[in-house]
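Undergrad: For the protein sequence lines, the chains are D and X, in the order given.
For the first sequence, our numbering gives the first residue as 1, with consecutive numbering after it.
For the second sequence, our numbering gives the first residue as 1001, with consecutive numbering after it.
Don't read these hints as lab results, they were simulated from the structure.
Possibly wrong hints are sitting among the right ones.
Which residues of chain X face chain D? A partial, calculated answer using Cβ under 8 Å [what the hints assert, rightly or not]:
1) Leu1076
2) Ala1080
3) Ile1099
4) His1107
5) Tyr1120
6) Ser1123
7) Lys1130
8) His1147
9) Tyr1280
10) Ser1284
Reference listing, derived: stretches of chain X covered by chain D, where coverage requires no fewer than 3 residues with Cβ under 8 Å from a Cβ of chain D [unchecked claim]:
11) 1090-1097
12) 1108-1118
The structure displayed is predicted, hence computed values, not measured ones.
Positions of the beta carbon are idealized from the N, C-alpha and C atoms, including for glycine.
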Amino acid sequence: MANDAQNGLAATARRIGGVAVLAVRAALRTRTVGALLALLAACVLVLPGVVKGDGTPEGELHILLTYTLGFAFGILCLATLWAACALFAAEIDSARMQLSAVKPVRAAEFWAGKWLALLALNGVALLAVYAGVYAQVRWRMHRDGWEAVEQPVSRRVAHPLLPTPRQEARETLDELRARNELPHGYSERTILRVLEEKAHEKYTEIPPGRQQAWRFRLSRPLRTSETVTVRLRFETEYNTRAQVTGICRLGCVETARAVEVPLDDFTLKEIEFAVDARAFGQAPEAGLRTFELSFEHTGDAQHAPGLLLRFRKDVALLTPGGSFWMNLLRAAAVHGSVLALLAAFGLTLSVCFSLPVAAFVATVLLVLTMVGNSVVQVVSEEDAKKWSNRAGVLVSRTVHGATRHALQAEPLAALTNGERLDAGMLRASVGWNALLLPLLLAAAGCAVLRRRELADAE
Amino acid sequence: MTRAATRRREGNVPESKQPVIETRGLRKVFRDFWRRPTVEAVKGLDLTVNDGEVFGLLGPNGSGKSTTIKMLLGLLRPTAGLVRVLGAAPDDTRAKARIGYLPEVSHLHPFLTPRETLMYYASLFGMPRKEAVRRTHELLVMVDLEHAADRAVGGFSKGMARRVGLAQALVNAPDLLILDEPTSGLDPIGSREVKDLVRALAQGGVSVLMTSHLLADVEDVCDRVAILERGALRAEGMIADLLRQPDAVRFEVEGLDEPAAAAVRAELEAHTGRRVRQEYPAMSLERYFLQVVAQDGRQRTFALAPFLGTAPADTERLTPNSQLPIPNS
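Generate the whole structure from the sequences, applying the supplied hints.
TA: Shown next as structure tokens:
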């Protein structure tokens, strides 16, 4: 019995392998792959030389990590989606699927074989692109002598301990209900959703003369040999680069020691400063873990603008978090998972439609995914109620809702900011994009493939 | 080797007449995009193909032959009726594992070589690599494509592509072989080889369902035929029964001179009271062509021996030593 099961599994693996090898051969023996590789090579090798930075190491890094990786990933996204759309559709249209479909292969085995082939091709292409970018970063840093000034880093990010957006939205809703100020014509569910969306992006003002404090708990204790970096990003009332003065105070709860850093005339919208952990005194056995940061706006009450901050995003403590190249690998894993999702999506469409229709639907949905977030943010509830907007808003919200979790991780922003992609985010991205959603799409695709007629009247 | 073939060769099991293909009231209506019916391709077809039989499905273009085959293979869904293939529904993978199929157009992947093509289809049967390699080699030898085994199929002639198609249909040593116009695109030698192969496979216990426009091909190899016209079954039976002319008797005699022939004819006319027709039989053009080609040393035969274990007893092999017929003056 066990032997039979093993033979069954082995036979299944051979069938899936056969389908995958065919798809890889089909890809490698066409000119499309050559063109794709040329485009990717141009992205990695030529683009950083063409796009001019601001002359700083940060600018160069930004170009390499954002533009180069962004373009290459964009090309891979489109190539994956369209290739996936072609895999079933072209075989069915050319009647080649007939010869395979009369063999004892289950729909799921066909689907898995083709998906794994796309995964393998994408994996190789993605690793080549990332390796190229890493080599470029190293080479440029060495060539321009920036190694001593700026090193690409990977840092853990700790945000302030605040109620979750959902909790905050519930509290606001309760307050509105208590004051009898709930907007008319909307369900509480809709109001809660809008409040939650707003909580993510909510700006709080720190006017001159006021002080704001936040508490942090690090995911890993800070060692005395390390440094902790404070980062504040803000907008001003008039969205100008105003001159602002203030005092930052960072204290460690465990040692009850604090460090005060005066900030004078800073005109940028982002402040970063590092503090040596030794400044907080002798660390207890458990290490330094809980910190309090306060910012006092010391500007002139008459003339200085108030500072606008999104506490959940703009205030952070950064601590060392592994090497840059490991972070690059994590980013590649996130990108790989998105490509796995696109491959699954394209494959399922290609089971349902002919190649042109599948490619069109896939492209439209990709664009909707990209703009869906903006539409959801921009369109007010009143506008959404207008009959002319209803269909568009409904589609945008549906696409946004379906893809929100899938596209939550932003690996390029994290790389550029020197932030470590945390394990939770990585697990969520891979689990959601490369396992759960492909499984659902595969189930749908296989159901269609089993029911679909693979021949016509000819 | 197939189970049926093994069974037959061992000779200890009587030939069974279990149906390998059975359709009852099979109907297929094609519809357009808006689900409106456009054509009824098959109209209530009742068909039975028995184990070990070579069955021919005949009919003019558009008679529903290919549609019927595609429904048997699960590529099309019947609008109504019952289909059983090897005792199972057409989409049953256990039944599919015992079927070989050659479509009217081979539909091969042009970027693959014959070797890769056969390895691919072997993998779809879950065949272990070692066995797949051995089987691929055997089939390449059988269809005489060993010399072109590593050239892309896209550059092949129609006949060569057909041979690859035929080889893939045999990759799993099927119990049931479904051939849609198997001799289409083949030269007379290739056609003859395919027909030899079909007969040999049938002798080995493989059931065969084939369609062809070439009635002579069907007549050469099939035990039973069904004739379809506009989707409906018009005639079905053993070829010998269908073609027999009960009123006529034909004698063939060698070495009879003209006066003796005249005397025999007069005797027969006197006996029957009817006029007797006297002919000097000629061989078919196909047979003459094959003998000429064989005389030129261009003989090709499917190397069936390793595939079937023994060469078929009644397969006529053409050799360069075959005698050219003396034209009858």
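Undergrad: Compare the structure with each hint and give your call.
TA: We went through each hint and held it up to the structure:
Interface hint at leucine 1076 of chain X: satisfied, since its Cβ lies 5 Å from the closest Cβ of chain D, which is below the 8 Å cut-off. With a least beta-carbon distance of about 15 Å to chain D, the hint placing alanine 1080 of chain X at the interface is violated under the 8 Å criterion. Taking 8 Å as the C-beta contact cut-off toward chain D, the hint placing isoleucine 1099 of chain X at the interface holds, the least distance being around 7 Å. Proximity of histidine 1107 of chain X to chain D holds as hinted, the smallest CB-CB distance being about 5 Å (cut-off 8 Å).
Annotation: tyrosine 1120 of chain X was flagged as interfacial toward chain D, and the flag holds, the nearest CB pair being 5 Å apart, inside 8 Å. Look at serine 1123 of chain X: its Cβ gets to within about 3 Å of chain D, closer than 8 Å, so that hint holds up. With a cut of 8 Å, the hint placing lysine 1130 of chain X at the interface with chain D is violated, because the nearest CB-to-CB distance is about 12 Å. With a cut of 8 Å, the hint placing histidine 1147 of chain X at the interface with chain D is violated, because the nearest CB-to-CB distance is about 22 Å.
For tyrosine 1280 of chain X, the interface hint is violated, the least distance from its beta-carbon to any beta-carbon of chain D being 46 Å, above 8 Å. For serine 1284 of chain X, the interface hint is violated, since its Cβ never comes within 8 Å of a Cβ in chain D; the closest pair sits about 33 Å apart. Three residues within the 8 Å Cβ limit are the bar, and the region 1090-1097 of chain X against chain D gives 5, so the coverage statement holds. With a cut-off of 8 Å between beta carbons, the region 1108-1118 of chain X has 5 residues touching chain D; three or more are needed, and the interface restraint holds.
Checked against the numbered hints above, the structure breaks hints 2, 7, 8, 9 and 10 and satisfies the rest.
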